[in-house]
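There are 2 protein chains.
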Amino acid sequence: MAVTTMSQLFVRTLREDPADAEVPSHRWLVRAGYIRRAAPGIYSWLPLGLKVLAKVEQIVREEMVAIGAQEVRFPALLPREPYETTHRWTEYGPNLFRLKDRKGGDYLLGPTHEEMFTLLVKDLYGSYKDLPLTLFQIQTKYRDEARPRAGLLRGREFIMKDSYTFDMDAEGLQRSYEIHRGAYIKVMDRLGLDYVIVKAMSGAMGGSASEEFLAIAPNGEDTFVRSPGGYAANVEAVTVVPPAPVDASSTPAPLVIHTPGAGTIDTLVTAVNETAPRADRPWTGADTLKNVVFMLQNPDGTKEALIVGLPGDRDVDVKRLEAAIAPAEAVAFGDADFAANPALVKGYIGPAKDGQLMLGKESASGIRYLVDPRVVDGTAWVTGANVADHHVVNLVAGRDFTTDGVIDVAEVRAGDPAPDGSGPLELARGVEMGHIFQLGTKYAEALGLKVLDQNGKLATVTMGSYGIGISRAVAMVAETTCDDRGLAWPRNLAPFDVVVLAAGKEPELAAEAQRIALELSGSGLDVLLDDRKASPGVKFTDAEVLGIPTAVVVGRGLVNGVVEVRDRTAGTKDEVGVDDVVARVIADVRGE
Amino acid sequence: MAVTTMSQLFVRTLREDPADAEVPSHRWLVRAGYIRRAAPGIYSWLPLGLKVLAKVEQIVREEMVAIGAQEVRFPALLPREPYETTHRWTEYGPNLFRLKDRKGGDYLLGPTHEEMFTLLVKDLYGSYKDLPLTLFQIQTKYRDEARPRAGLLRGREFIMKDSYTFDMDAEGLQRSYEIHRGAYIKVMDRLGLDYVIVKAMSGAMGGSASEEFLAIAPNGEDTFVRSPGGYAANVEAVTVVPPAPVDASSTPAPLVIHTPGAGTIDTLVTAVNETAPRADRPWTGADTLKNVVFMLQNPDGTKEALIVGLPGDRDVDVKRLEAAIAPAEAVAFGDADFAANPALVKGYIGPAKDGQLMLGKESASGIRYLVDPRVVDGTAWVTGANVADHHVVNLVAGRDFTTDGVIDVAEVRAGDPAPDGSGPLELARGVEMGHIFQLGTKYAEALGLKVLDQNGKLATVTMGSYGIGISRAVAMVAETTCDDRGLAWPRNLAPFDVVVLAAGKEPELAAEAQRIALELSGSGLDVLLDDRKASPGVKFTDAEVLGIPTAVVVGRGLVNGVVEVRDRTAGTKDEVGVDDVVARVIADVRGE
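Going down the list, the protein sequences come from chains A and B. First residue of the first sequence: 1, per the numbering used here; consecutive thereafter. First residue of the second sequence: 1, per the numbering used here; consecutive thereafter.
In isolation and in its complexed conformation, chain A is listed as follows (with noise of 0.2 Å):
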């Protein structure tokens, strides 16, 4: 391999960050010359960031492989009537790019390809014996983010891998969906990313069982719980288990009272532990039961009130109740819609009022309610009263009222008991990396994908679906390996085994770490030799900030047989006799 010079390297180092960096990779990558900006969440790849993503493409690949999984290529521009076929042309809203053709076809930018898959493979396939069949592609995707953020880690345009895995029956798919977990596990490791598995919600991808590899990362976009016990699951995911139904025969009757200036739960609880004490403990906050009203928007424009109940010292989380509700979002339930739902006393809100249902799709609104898994029957309640400034307390769930059934989407607290009685659970933030699906049938039988079995019938394949954002590993390697003197990265990664630059103007310490530079890259090392005419403090500090993990300074320890080698990641210096270095170096890339 032929030394580069850091004359001729098409890189330049920023000492500014960039005006919209959010997070340390995004800054690092910009400021050392690795990606650039061309449009809100769309990057170039200069020479030493694609060295970099070529790597993680590769170890993604062979992995790949070595499951047996075969390598195709979709385009990236696709028809509209596949993705009509699945409802998914519809389904993800906004977040399609879709465009015309010149005759006024419909097309769309593929944000993933199941729908293309499940074509190829019902093209190709008729028979059980084909199966099972593993494809992946590592392709260019699009996703048109309503706030593209943090460089790579969300992008508008992204480089995934995405496989699929097509079986006979669901014991099949289970089969290669763990062989597909086993890959991803080995990926992660080799991309020394600090990781954990958790139970998901699939999403706008529809099926059963899925997992996601999340990155463990402080300013991470998704929030995951764990257990000491090993329970893990993103806050998506997590469920609570419903206490047992309560004996509600000794509660009493349902009491309204008045309650003004209650505006906060911390206020209504003081206020009815004054008015309507509870005989057995004081009520808290854990006992009043908040019902909040949502707008949910279809995907096909079509609108629907739905209120949820929940426990008063819990806020509905946001991304529960999406995830919950998709492919639907929850907009604003606004003035105009309060005005025209007159059941509903802002502020006062309940399930019920004199005996009569409030809340529900056979009660006086008619408006859908669903509630927390924690009020389950006999658990008795201080809520609305359906009239300003005033409350109720001992309402008991199935006593005094129904509801339509169970949304899981209040906050999940640290502490919070995990659902497998694993103990009790932590708090933590991570970046998906991978995600695994057990989608089923879902796509087959939209599509139409059957193959005849061992008894000459056709059956339906079940399939599996799984990704890994490969631009966003490079951006969250950077991340988790980066510091702040810029990027570090890891030997297996690095655009280049080691820097090269002498310390000073003296011939000879050219002459030296040209020698030096093309000794290690004629043992199969890739050099960087910084041969630029500037200072040692600009040498040095544009290492660190590219993050080759290896540098070797030649200064004026070479008058004495020395020079220099510093290790990016342990912030080592050792000085090496001059006729030592070359082996040290390579022992040092090659982990010996």
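Just to be clear, a hint being listed does not mean it is correct.
For identical chains, the list gives no copy identity; a pair is met inside one copy or between any two copies.
Subject to a maximum C-alpha distance of 20 Å in a straight line, what follows is the list of computed SDA-like cross-link-like pairs (lysine to any residue) [to be verified]:
#: 1; residue 1: Lys361; residue 2: Ala248
#: 2; residue 1: Lys199; residue 2: Phe338
#: 3; residue 1: Lys186; residue 2: Arg12
#: 4; residue 1: Lys55; residue 2: Ile138
#: 5; residue 1: Lys100; residue 2: Trp89
#: 6; residue 1: Lys51; residue 2: Lys303
#: 7; residue 1: Lys103; residue 2: Pro299
#: 8; residue 1: Lys122; residue 2: Ala39
#: 9; residue 1: Lys450; residue 2: Arg12
#: 10; residue 1: Lys457; residue 2: Thr90
#: 11; residue 1: Lys100; residue 2: Thr90
#: 12; residue 1: Lys51; residue 2: Thr140
#: 13; residue 1: Lys319; residue 2: Gly571
#: 14; residue 1: Lys457; residue 2: Arg143
#: 15; residue 1: Lys100; residue 2: Arg147
#: 16; residue 1: Lys303; residue 2: Ala54
#: 17; residue 1: Lys346; residue 2: Gly366
Hints in this document: simulated from the structure, not taken from any laboratory. Because the structure is a prediction, the values reported are computed rather than measured.
Given chain A, work out where chain B should sit, using these hints.
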């Protein structure tokens, strides 16, 4: 490398041609399971196709790196602004895929990236010391072709290598251009294509000099010419050398004659030779001046009429016309247009009437009038008299009429002289594989790419732009190597080096086939083992359709210790001792 088994490989060969297949490469790439159509002009790559694509990509990448080009990658989804600045947002007309994002911002799918490269270099570089610079990318491009055809040969989503050079001056550009030209020659040679380098027009790219690399193909879309003396140009770029002016002092005055029924050039020539014979020789079709009216439509929607005058024995070549008037397009000049221009007498249009100019911006019609280069001063013409059923003879250019200039768009014919005097032209057809352009300063000027020169003054950078169609190259190699039995890849591009198959049901045959396959694979060859329980005929047919260069057939000869080695391209079948077969195949593959 592991042996790939046919039973596992994601491929199915088809017995029928796809309905839309116009050329052999399209037919066979689909039938052999290399590609599948996703939409018009948009294809998915199956495993075999992707393997060939990767090999072509790698050849191009190696030759780019060999000339010091650095790889980058731009997005495909691009913002409108830079393309607005260079007018290409409009000039590309309906060939550009345009779309809006969720905020109403205008985007395009990049057809080529001059603007983005120019801006990137402007972003990073600022001094003459940084130049020369060569950058390249291998990336997916989009063009909304009016008539996508021939599979990968003219697609709407396709893969290109595009590269760009940046120099201080024309001399530097010339040097960079020559270096790129050399790299392209190496690429074409490594692809094994029979090609010609022709002078070309630069079309929508702008710029001064350009050449095309055309793969010679009888059903190619591009016509080119070449002379025995080495002249070569595509038909758009051929130039007619104007004859010397003629002394018209003894040419009689114009004479209007009645020519009823002379509706064709032939009948006109006959009529004129009877009515107004020429003194020195008979009139021929080449003496008639045909005036053809076009309506030009500009990308911004405005229209302008144009009359092209050319010798009546030639037609206007639509491709030459389109190249000459780009970015405008020629549309029909309809009856309504004639009605709006009463000065034009359909069928009898001529440049003058009664001593008055009828064609040209300053004439009675006011319509721009451009003529073939052969219409030099002093030449005497037979042409329309602007009166129904009448023509005029001896209308002399420069004496009796003037024009608005020259347009060189007449059809080129075999036997026409090469413009450089190198002999008569021969016409042939080809497919554009590469195009190299000396852009000059067009993009750098428009986007403000200037660097400090040696005197500390800002100087505009001079650019070159160079493209190779990667996906098109896959198709073109298939096109020029396939036969009536299927694909026949050259060894350096084949998806597998060798296919091994057992011709017969006996377990010994399968076992021996597997042993040979493993041994070949162990020697570093990429081996496909046809392990299917299929008839020998099916296996033979598929091996030929897939186009694997070498097939090892383990058949009834095994009892006598021989197997058969078939060469797909040569069509040979050799019996080889079973102990020698591995060495023989390795020698074949390595070209020893």
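Against the structure, the hints come out as follows:
1. Lys361 - Ala248: Neither. Shortest intra-copy (25 Å) and inter-copy (99 Å) distances fail the 20 Å Cα cut-off.
2. Lys199 - Phe338: neither (37 Å within a copy, 73 Å between copies)
3. Lys186 - Arg12: So Lys186 and Arg12 fail the 20 Å test inside a copy (34 Å) and across (32 Å) alike.
4. Lys55 - Ile138: both (13 Å within a copy, 16 Å between copies)
5. Lys100 - Trp89: Classified as both; 14 Å inside a copy, 16 Å across copies.
6. Lys51 - Lys303: neither (48 Å within a copy, 49 Å between copies)
7. Lys103 - Pro299: Between copies only: 17 Å across chains, 26 Å inside a chain, cut-off 20 Å.
8. Lys122 - Ala39: between (38 Å within a copy, 16 Å between copies)
9. Lys450 - Arg12: between (55 Å within a copy, 17 Å between copies)
10. Lys457 - Thr90: neither (33 Å within a copy, 56 Å between copies)
11. Lys100 - Thr90: Answer is both; intra-copy 16 Å and inter-copy 17 Å each pass.
12. Lys51 - Thr140: both (17 Å within a copy, 18 Å between copies)
13. Lys319 - Gly571: neither (40 Å within a copy, 64 Å between copies)
14. Lys457 - Arg143: Neither. Shortest intra-copy (39 Å) and inter-copy (44 Å) distances fail the 20 Å Cα cut-off.
15. Lys100 - Arg147: between (24 Å within a copy, 16 Å between copies)
16. Lys303 - Ala54: neither (45 Å within a copy, 49 Å between copies)
17. Lys346 - Gly366: within (16 Å within a copy, 75 Å between copies)
The structure does not agree with the numbered hints 1, 2, 3, 6, 10, 13, 14 and 16 stated previously, though it agrees with the rest.
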